[in-house]
Amino acid sequence: MKAIDQTLALAWRSLVQVRRNPWELGDYSIQPILFLVLFLFVFGGAIAGSPENYLAFVLPGVIVMNMLFVTVYVGHGLNTDLTRGVFDRFRALPIPRWAPLAGRILADMVKQLLCIALLLVVGYLLGFRLETSWAHLLAMVALVLTFAVAFSWVMVLVGVIARDPEHVQLFGFTALFPITFVSSAFVPVDTMPTWLQGFVQANPVSLLADAARALMNADGPALEPALGSLAWALGIALVFAPLSVYMLNRRLARG
Amino acid sequence: MDNAIEVEGLVRDFGGTRAVDGVDLRVPAGHVLGLLGPNGAGKTTVVRTLATLLAPTAGTARVGGFDVVREAARVREIIGLTGQYASVDEKLTGRENLILIGRLLGLKRREARARADELLGDFDLREAAQRPAQTYSGGMRRRLDLSASLVGRPRILFLDEPSTGLDPRARRDLWERVRQLQAGGTTVLLTTQYLEEADALADTIVVLDHGRVIAKGTAAELKARVGGRTLFLVVARPEQAAAASDRVAGMVGTQPQVDGETISVPVSDPSLLPAVLRDLDAAGIEVAELGLRGASLDDVFLSLTGRSGASREEPGAGEDAA
Ligand SMILES: Nc1ncnc2c1ncn2[C@@H]1O[C@H](COP(=O)(O)OP(=O)(O)O)[C@@H](O)[C@H]1O
Ligand SMILES: [Mg+2]
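Taken in sequence, the protein lines are chains A and B.
FYI, the numbering used here numbers position 32 of the first sequence as 32, with every residue one higher than the one before it.
FYI, the numbering used here numbers position 252 of the second sequence as 252, with every residue one higher than the one before it.
Some hints could be false.
What the hints assert, rightly or not - Cut-off 30 Å, straight-line C-alpha distance, at most; resulting in silico cross-link-like pairs (BS3-like, lysine-lysine):
1) LYS2/A / LYS108/B
2) LYS91/B / LYS108/B
3) LYS91/B / LYS2/A
Since the hints were made in silico from the structure, they are not lab data.
Assemble the whole structure, with the sequences as input and the hints as a guide.
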């Protein structure tokens, strides 16, 4: 009970900054809105014949992309705590060792949720209409958040290894761009060269985007890509959670 | 339990560097221990080990009767730590920083707020309470940091170079707080490079150099060890300072400290004074001023390490002089 209170207090601490300074959230919500609008009107005609036709395809893709980008801030925040001594202050307090990490990831889930809601609202204003049900939409949100929790561990590792917060961002975004763009998030797979299609189809970002699209548009099977992305999430968590904790302890033991 | 802090044979290595090399400490409950040493002496490493942030390579340490390795969780319940570098959340306001610590220590929301406001008042931060800590000056940050370590009313408090970066007034304020805490029964271990600070606050001073304890005692005891007196002389012509220093070294047996035209050296036999004057006179060195004063802790440090008190030295510069 006490540990849960402490985790909530640590999550509050990451969120209270957003409440005071909404631009902080803007940092990573304006960008996806820009992406959404630009993709829609610049590529929409070429990819789908018209922006209107492209919207249903690209909106789930942008939601997935944004989820990945927001996880970078988990690593960024953790690294800031490590380099600024805040993490040491927490460690000298009688709280469980995992609480600071759990608090950060929990706060991140709230930010993720806000971003998804924002994109859905903007999508609606641009003309998007849900083809499935609210239950499907909730399933989409749950799937994206589950993947986010798992993927956060990759960024925790980056946050532990990086020298300073700037390097977390540099490394995080540099790694995310190819994974995001060499996927079916923005462009149908069958328009790509065959040698690339194998990679794109196995890419968890594609699976997640396909599942999200099916859950929002009823335009294909949802279960198969959903299970595929959950399998990826499990695999990522199983590898990166222990590895991150191991590397974190190593960094702390070094002094 | 008599000793709030007990350290035996503490060793800590970083890769190939031995930062702490067999330190023993005993701090009775309610005492202020001053850990004095130059940059790189191992002060921070000792503090971080006692605060459960670093595991010892060898030796044992007990804080409040609890082993810092095996009973780390118990230790964390009774200590407060202000590290060498301010460790507040820059994005949070001062008040939010303190509320967070209170909540983490298990205070109810209302209690945490009340405690935060109390400390903000005590530390003269009420006006800045609602501003993000990143807008604070160095001194305000230090005060916030210190209040953060006091939220839980710790029985044992670690302060790592608490007055570094403070202006003289802020430093005196800080000293006043430490005295109040001591009066309230808190055990304090503070590290410092300022000899004056150790002298002003500490019941006992432990001098650390290259990871080893090279002296311990009260300020008075340490001064007595040096013979209690310092010979100082001012040469009339600066270019003769070096020559004068060499001649004094020959007579006293210790290399004096030279600062411009002023030469000072600890002496055990005050009757050397006339002899020094005669010798310099014979060598044609003009003396503008010559006298004896009680030894300062600076002199203690000089006589113990062969180097001057470290506060004005670059890290590593001491190695060359030694
Ligand atoms: N994390 C670390 N990794 C490697 N060496 C370190 C580390 N921390 C301290 N040291 C080394 O240990 C010695 C003692 O450092 P420290 O305890 O910080 O001294 P002080 O606080 O007295 O200045 C120094 O030589 C320092 O370079
Ligand atoms: Mg230090």
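Hint check results:
Under the criterion of a C-alpha separation no larger than 30 Å, the hint pairing LYS2/A with LYS108/B is consistent with the structure, at around 11 Å. In summary, the hint linking LYS91/B to LYS108/B is supported, as the alpha carbons are separated by about 23 Å, within the 30 Å threshold. Restraint check for LYS91/B and LYS2/A: satisfied, since their Cα atoms lie roughly 25 Å apart, inside the 30 Å limit.
Checked against the numbered hints given earlier, this structure breaks none of them.
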